[in-house]
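Trainee: In case you want the letters, here they are:
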Amino acid sequence: MSPVTFYLLSSVGIFVVCLYGLIVHAHLIRKILALNMMGSAVFLLLTGVARRGELTDPVPHAMVLTGIVVAVSATAFALAVARRLYEECGRAYLPEEDPEDLSEEREG
Amino acid sequence: MLSLFFDAVLALALPLLAWRVLTTRDLYRAVILFIAFGLLVALSWARLDAPDIALAEAAIGAGLTGALFLNTVGGLVGRKRSPSRESDESREVAERREAIQSSPGEPVDEVMRPWWVRLALTVPILALGLALGWAVVSFPEPAIDLAQQASDNLEASGVDHGVTAVLLNFRSYDTLLEIGVLLLAVVAVWSLDLGRVRGGQAALSKGLPVLHGLVRLLTPIMIIVGGYLLWAGAKQPGGAFQAGAVLGALGVLLVLSGLVRPPLSDGSGLRIGLAVGFAVFLGIGTAVMLATGELLNYPPASTYGLIIIIELFLTVSIALTLAALFVTAPPRKEQGSKEHSEEKGEES
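Protein sequences, first through last, are from chains A and B.
Take 1338 as the starting number for the first sequence in the working numbering and just add one per residue.
Take 35 as the starting number for the second sequence in the working numbering and just add one per residue.
The set of hints was computed from the structure by calculation and includes no laboratory data.
Just so you know, even glycine gets a beta-carbon here, dropped at the ideal spot from N, CA and C.
There could be a bad hint or two in this list.
[Stated by the list, open to error] Computed beta-carbon distance windows for the label pairs:
| # | chain 1 | residue 1 | chain 2 | residue 2 | range |
| --- | --- | --- | --- | --- | --- |
| 1 | B | P334 | A | P1432 | 52 to 62 Å |
| 2 | A | S1339 | B | Q183 | 42 to 52 Å |
| 3 | A | P1432 | B | D208 | 33 to 43 Å |
| 4 | B | G327 | A | E1391 | 33 to 43 Å |
| 5 | B | L153 | A | S1339 | 28 to 38 Å |
[Stated by the list, open to error] From the derived model, a few chain B residues whose C-beta atoms are all more than 12 Å from chain A:
| # | residue |
| --- | --- |
| 6 | G247 |
| 7 | T320 |
| 8 | M323 |
| 9 | T326 |
| 10 | L346 |
The shape of chain A in the complex, shown without the other chains (with noise of 0.2 Å):
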C-alpha cells in the first residue's frame, strides 16, 4: 500500500465519522463543525488523487485551494445564523430537535 491509499482511506473515515456526527448531534455548533470536517474530508480525497500519476496534478489543488476560501465563507455564515437563531429562539437547535423532546425519547 502506498502512502496516498492511506491519505485515501482517512478522508474517507473523516467523512463517515462527521456524518454520523452531523445526524447524531443536535447542537449546532456541533452540526456545523461536523460539516465543516467533511470538507476537509472531501478536500483531502482531491489531494490524494493529485498525487496518484507522476507529476503531481495542479488542478485538483486549485479545487481545493478555492474549496477552502468558500468553505470559510460558508462556515462563517453557518454561524452568524446559528447565533441569530440563539438570539430570536434562545437556543442552539433546530426546532424539530429540541433537546427536551430528544430527552424525554430517550426516557421513555
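Let chain A serve as the given structure and place chain B on it in line with the hints.
Mentor: The following block gives chain B in isolation, referenced to the frame of chain A:
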C-alpha cells in the same frame, strides 16, 4: 520505512481526532481539537506535495475558522436566554431545559439522538464507509491526464507555478465566481445584522499592553510575509489566497487588540475594498474580450502583468472579507471615525 509509518499514523489520527471533536462534552475543547485537526490536515497536505493548500489550510482552515468558532461559542455562553418563547411553558419544563442547556462559563453539549436511532444508524454508515473505502482503493486511471496538459501549457500561462496558472489562467472562471461567493457571504452575514445583538460582535480587549506590543510587532512582519507570498506565487507555492489569508489574520488581530475599531466610519472604504477584487477581475476579464474575443482569455503578451494586477486586488478583497466575516457586524452609518482608512492602507 519511517516515513511510511509517519503517514500511517497521521492518516489514522485524522478520523480519530474528528471523532473526538464531535464527542467531547465541552464545546470549547471541541473547537481546540478542531484547530488541531486543521493543523494535522495541513501537515498531511504538506506530505502529499501540496504546499500551496497546506499554507492556506493552516492559515484559514485551522486559524481563522477556529477563531470564528471560538467567537461564536463565546457568544452563546454566559448569557441568559431571551424569554420570548417561554410565556406559555410551565416552569418545570423551563427548568429542565435550563438543566440541559449549557451553564454559564461551561458550554456543555451532550444532546444526542436517542440510543436506538444511533444504533440503527451505525449499519448504513458502516456500509457507506466500506463502499467508499473500496471505491477509493480501486480508482480507475483518469481518462485525461490533466497534470500532463497543465505542465505542457505552463509556458503559455504567463506564470511558472502550476497552481497559480490553473487558478488565474486555465480555470480563472472558477476563481472569479469564488470571489463572488466571498462577497456574497459578507453581504449575507451583514444582512443578519448581528451588530445590534448582544455579544454578536467580536469581543474587544482594551488596554492590554502585551497584546498591543505584540500586535504592533507582528503587523509589519505579517504585511511583509503577505507581500512576499503574493509575489512568490508566480513561480513557487504562494499567491493571492495565501497572502489574503495572512493579511486577513492580521486584520482579525488588529480588531481583537482594539487597535483598529471595526464599525468603520460609514464603511464606504470597506465596501469598496470588499468589492474591488471581484470588480477588477470581472473588468479585466471582460476588457480582454476586445483583444481576444473571449471572456478571461488574456492576450499572450500581457498575461503576466494582468495576472499580477488581478492577484493584487484579489489579495486586498480576500483579506478584508476574512476580517469582515470575523467581525460580523456591518459598518454603522452614524459614526465618523478614520481608523478604517489606516487599515486599508496597510493591507493594500
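Trainee: For each hint, tell me whether it holds in the structure or not.
Mentor: A quick look at each hint next to the structure:
| no. | hint | in the structure |
| --- | --- | --- |
| 1 | B:P334 to A:P1432: 52 to 62 Å | holds (57 Å) |
| 2 | A:S1339 to B:Q183: 42 to 52 Å | violated (24 Å) |
| 3 | A:P1432 to B:D208: 33 to 43 Å | holds (36 Å) |
| 4 | B:G327 to A:E1391: 33 to 43 Å | holds (37 Å) |
| 5 | B:L153 to A:S1339: 28 to 38 Å | holds (36 Å) |
| 6 | G247 | holds (29 Å) |
| 7 | T320 | holds (21 Å) |
| 8 | M323 | holds (23 Å) |
| 9 | T326 | holds (22 Å) |
| 10 | L346 | holds (17 Å) |
Hint violations for this structure: number 2 only, all remaining hints satisfied.
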